[in-house]
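With the hints as your guide, set chain E onto chain R.
Protein chains: 2
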Amino acid sequence: MIKVIFLGFGNVNSHLLKTLYKTNKVVVKQAFNRNFIKMISPFENIPFTDDISKIEDADIYIIGIPDDAISSFSESLSFQNKLVVHTSGGAAMNVLSSKNRRGIFYPLQTFSKHREVDFKNIPICIEAENSKDLEILHSLGRLISENVVEISSEKRAKLHLAAVFVNNFVNHLYEIGSEILKDEDLPFEMLKPLIAETASKIESLSPKNAQTGPARRNDKKTIEKHLHLLEGSPYKKIYELFTEQLNHNYGKEL
Amino acid sequence: MIKVIFLGFGNVNSHLLKTLYKTNKVVVKQAFNRNFIKMISPFENIPFTDDISKIEDADIYIIGIPDDAISSFSESLSFQNKLVVHTSGGAAMNVLSSKNRRGIFYPLQTFSKHREVDFKNIPICIEAENSKDLEILHSLGRLISENVVEISSEKRAKLHLAAVFVNNFVNHLYEIGSEILKDEDLPFEMLKPLIAETASKIESLSPKNAQTGPARRNDKKTIEKHLHLLEGSPYKKIYELFTEQLNHNYGKEL
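In order, the protein sequence lines correspond to chains R and E.
Letter by letter, the first sequence follows residues 1 to 254 in our numbering.
Letter by letter, the second sequence follows residues 255 to 508 in our numbering.
Each hint should be verified, as a subset may be incorrect.
[As the list claims (entries may be wrong)] Computed beta-carbon distance windows for the label pairs:
hint, chain 1, residue 1, chain 2, residue 2, range
1, E, Glu370, R, Glu244, 30 to 36 angstroms
2, R, Ser53, E, Arg369, 39 to 45 angstroms
3, R, Ser131, E, Gly264, 33 to 39 angstroms
4, E, Leu459, R, Ser131, 39 to 45 angstroms
5, R, Glu244, E, Lys462, 26 to 32 angstroms
6, E, Glu370, R, Asp59, 18 to 24 angstroms
[To be verified] Below 25 angstroms or equal to it, Euclidean Cα-Cα: the simulated DSS-like pairs (lysine-lysine) are:
hint, chain 1, residue 1, chain 2, residue 2
7, E, Lys412, R, Lys192
8, R, Lys220, E, Lys276
9, R, Lys158, E, Lys474
10, E, Lys283, E, Lys353
11, R, Lys236, E, Lys446
12, R, Lys225, E, Lys491
13, E, Lys292, R, Lys158
14, R, Lys29, R, Lys158
15, R, Lys237, E, Lys409
16, R, Lys155, E, Lys412
17, E, Lys462, R, Lys155
18, E, Lys491, R, Lys208
19, E, Lys436, E, Lys479
20, E, Lys257, E, Lys276
21, R, Lys182, E, Lys386
22, E, Lys367, R, Lys236
23, E, Lys283, R, Lys155
24, R, Lys25, R, Lys82
25, R, Lys158, E, Lys479
26, E, Lys436, R, Lys158
27, R, Lys182, R, Lys192
28, E, Lys436, R, Lys220
29, E, Lys462, R, Lys220
30, E, Lys474, R, Lys237
31, R, Lys237, E, Lys412
32, R, Lys208, E, Lys276
33, E, Lys276, R, Lys155
34, E, Lys446, R, Lys18
35, E, Lys462, R, Lys182
36, E, Lys367, E, Lys283
Think of the hints as simulated: they come from the structure by calculation, not from any bench.
Every value quoted in this text rests on a predicted model; they were computed, and no experiment measured them.
C-beta atoms are modelled at their ideal positions from N, C-alpha and C, and glycine is treated no differently.
So that you can see chain R by itself, here it is in the shape it has in the complex (with noise of 0.2 angstroms):
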């Protein structure tokens, strides 16, 4: 069985911990943190020690920390010529060490503490320099999702982009419009059916099908009303920005 080191336990190891061990197909050898890690039911078996020195041999190190991070701690690590992978979307493969050999485990997905994810459709992105590492993030990779791909880290950049507009960015609309209706004193509530529907639709329908409203039927009434719903607020900025692209990407429909 393939054994794991877990480095950094933060929301992208935490979860990868619980799944990969959940699968009974690895071992997962020790987990490391810089702060004190209390490993909790079922996990108490697995080793964590807050001691660099004392991180033991295993098959794949998997280092979850933030990106800016990576490259002095991969510096830092005490053993040479391991398999030595990453778990960011923003960062390149060469930022870690060249003592270990490198790679990519870059599950492509939004983390939250409390909250379970089923991995199995998740795209798992991988790299390696050689190809029989890449052959064992496969493997491991294919524990848990069905969806394993090889990118490279230029890729990947643009992969982790898109990911920002499409998560953080719609996680922002979402907080504007639980502020307007906050506003009103009408719950959030009300915007959870039509945020679903949002977002179930594009699984049938492309994006540029799927849109409606007023920006895009050029409904220039309702959006100078909206403008002016808006006058003062810190959100006026994105409405004006939005209608004038999907006006310019519409517009030739109309």
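Here is chain E on its own, set in the frame of chain R:
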């Protein structure tokens, strides 16, 4: 049984007609549309007219036409003192001609032609000029939804504004994600699990607590890299604006 006539046959009204018809608890007495519409199975028995002078007698008339056209269309109806409602989020109740009893029956959802929608959880926003009509609209709404709410035209305008952010603008971000991937020959499918989870997260977390990503953590290096990747793209402005707002909202936490 309540007798309903649909005036206009766009996305909202055709979905409403189908859903109300299927309850077997209203009589869909007629459908009117300016242009001929072929009523297909199982609705082939619903009488259709494209002649405004041939609109029959009913308890409720439901107008589903573009906002701009509601006022003059409602004025052109030949009958008086009937309950006439429109289904628009953006138009006030008083755009309807005062020669009939006015009301609102606004389902807060996005409707596309070939996509079935389950009305059960959709908020139906109603408004009327008197309590008797309000009760009729309540009864009608409850036939299809568990979430019928009385809301003033002013609040509904804000609700509609919020809907534009979480639906049309969110969908535009999906489109941007899809285009970024297309440039790299990556399939949009890769983003779908992330899109689904982003929407699903806010069922249990507030958007504020669900937020993650480089802008929230003020990860300047990643942000710079992304802005560099967006050089020359119309989406750079959106990236800058969202990053600025997210930094502002979460900056105090860091």
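Results of checking the hints against the structure:
{"no.": "1", "hint": "E:Glu370 x R:Glu244: 30 to 36 angstroms", "verdict": "holds (33 angstroms)"}
{"no.": "2", "hint": "R:Ser53 x E:Arg369: 39 to 45 angstroms", "verdict": "violated (58 angstroms)"}
{"no.": "3", "hint": "R:Ser131 x E:Gly264: 33 to 39 angstroms", "verdict": "violated (56 angstroms)"}
{"no.": "4", "hint": "E:Leu459 x R:Ser131: 39 to 45 angstroms", "verdict": "holds (41 angstroms)"}
{"no.": "5", "hint": "R:Glu244 x E:Lys462: 26 to 32 angstroms", "verdict": "holds (27 angstroms)"}
{"no.": "6", "hint": "E:Glu370 x R:Asp59: 18 to 24 angstroms", "verdict": "violated (49 angstroms)"}
{"no.": "7", "hint": "E:Lys412 x R:Lys192", "verdict": "holds (16 angstroms)"}
{"no.": "8", "hint": "R:Lys220 x E:Lys276", "verdict": "violated (36 angstroms)"}
{"no.": "9", "hint": "R:Lys158 x E:Lys474", "verdict": "holds (17 angstroms)"}
{"no.": "10", "hint": "E:Lys283 x E:Lys353", "verdict": "holds (22 angstroms)"}
{"no.": "11", "hint": "R:Lys236 x E:Lys446", "verdict": "violated (29 angstroms)"}
{"no.": "12", "hint": "R:Lys225 x E:Lys491", "verdict": "holds (24 angstroms)"}
{"no.": "13", "hint": "E:Lys292 x R:Lys158", "verdict": "violated (46 angstroms)"}
{"no.": "14", "hint": "R:Lys29 x R:Lys158", "verdict": "violated (33 angstroms)"}
{"no.": "15", "hint": "R:Lys237 x E:Lys409", "verdict": "holds (22 angstroms)"}
{"no.": "16", "hint": "R:Lys155 x E:Lys412", "verdict": "violated (40 angstroms)"}
{"no.": "17", "hint": "E:Lys462 x R:Lys155", "verdict": "violated (30 angstroms)"}
{"no.": "18", "hint": "E:Lys491 x R:Lys208", "verdict": "holds (20 angstroms)"}
{"no.": "19", "hint": "E:Lys436 x E:Lys479", "verdict": "holds (19 angstroms)"}
{"no.": "20", "hint": "E:Lys257 x E:Lys276", "verdict": "holds (14 angstroms)"}
{"no.": "21", "hint": "R:Lys182 x E:Lys386", "verdict": "violated (30 angstroms)"}
{"no.": "22", "hint": "E:Lys367 x R:Lys236", "verdict": "violated (30 angstroms)"}
{"no.": "23", "hint": "E:Lys283 x R:Lys155", "verdict": "violated (57 angstroms)"}
{"no.": "24", "hint": "R:Lys25 x R:Lys82", "verdict": "holds (20 angstroms)"}
{"no.": "25", "hint": "R:Lys158 x E:Lys479", "verdict": "holds (10 angstroms)"}
{"no.": "26", "hint": "E:Lys436 x R:Lys158", "verdict": "holds (10 angstroms)"}
{"no.": "27", "hint": "R:Lys182 x R:Lys192", "verdict": "holds (14 angstroms)"}
{"no.": "28", "hint": "E:Lys436 x R:Lys220", "verdict": "violated (31 angstroms)"}
{"no.": "29", "hint": "E:Lys462 x R:Lys220", "verdict": "violated (31 angstroms)"}
{"no.": "30", "hint": "E:Lys474 x R:Lys237", "verdict": "holds (23 angstroms)"}
{"no.": "31", "hint": "R:Lys237 x E:Lys412", "verdict": "holds (17 angstroms)"}
{"no.": "32", "hint": "R:Lys208 x E:Lys276", "verdict": "violated (31 angstroms)"}
{"no.": "33", "hint": "E:Lys276 x R:Lys155", "verdict": "violated (49 angstroms)"}
{"no.": "34", "hint": "E:Lys446 x R:Lys18", "verdict": "holds (23 angstroms)"}
{"no.": "35", "hint": "E:Lys462 x R:Lys182", "verdict": "holds (13 angstroms)"}
{"no.": "36", "hint": "E:Lys367 x E:Lys283", "verdict": "holds (22 angstroms)"}
When held up to the earlier numbered hints, the structure conflicts with 2, 3, 6, 8, 11, 13, 14, 16, 17, 21, 22, 23, 28, 29, 32, 33 and fits the remainder.
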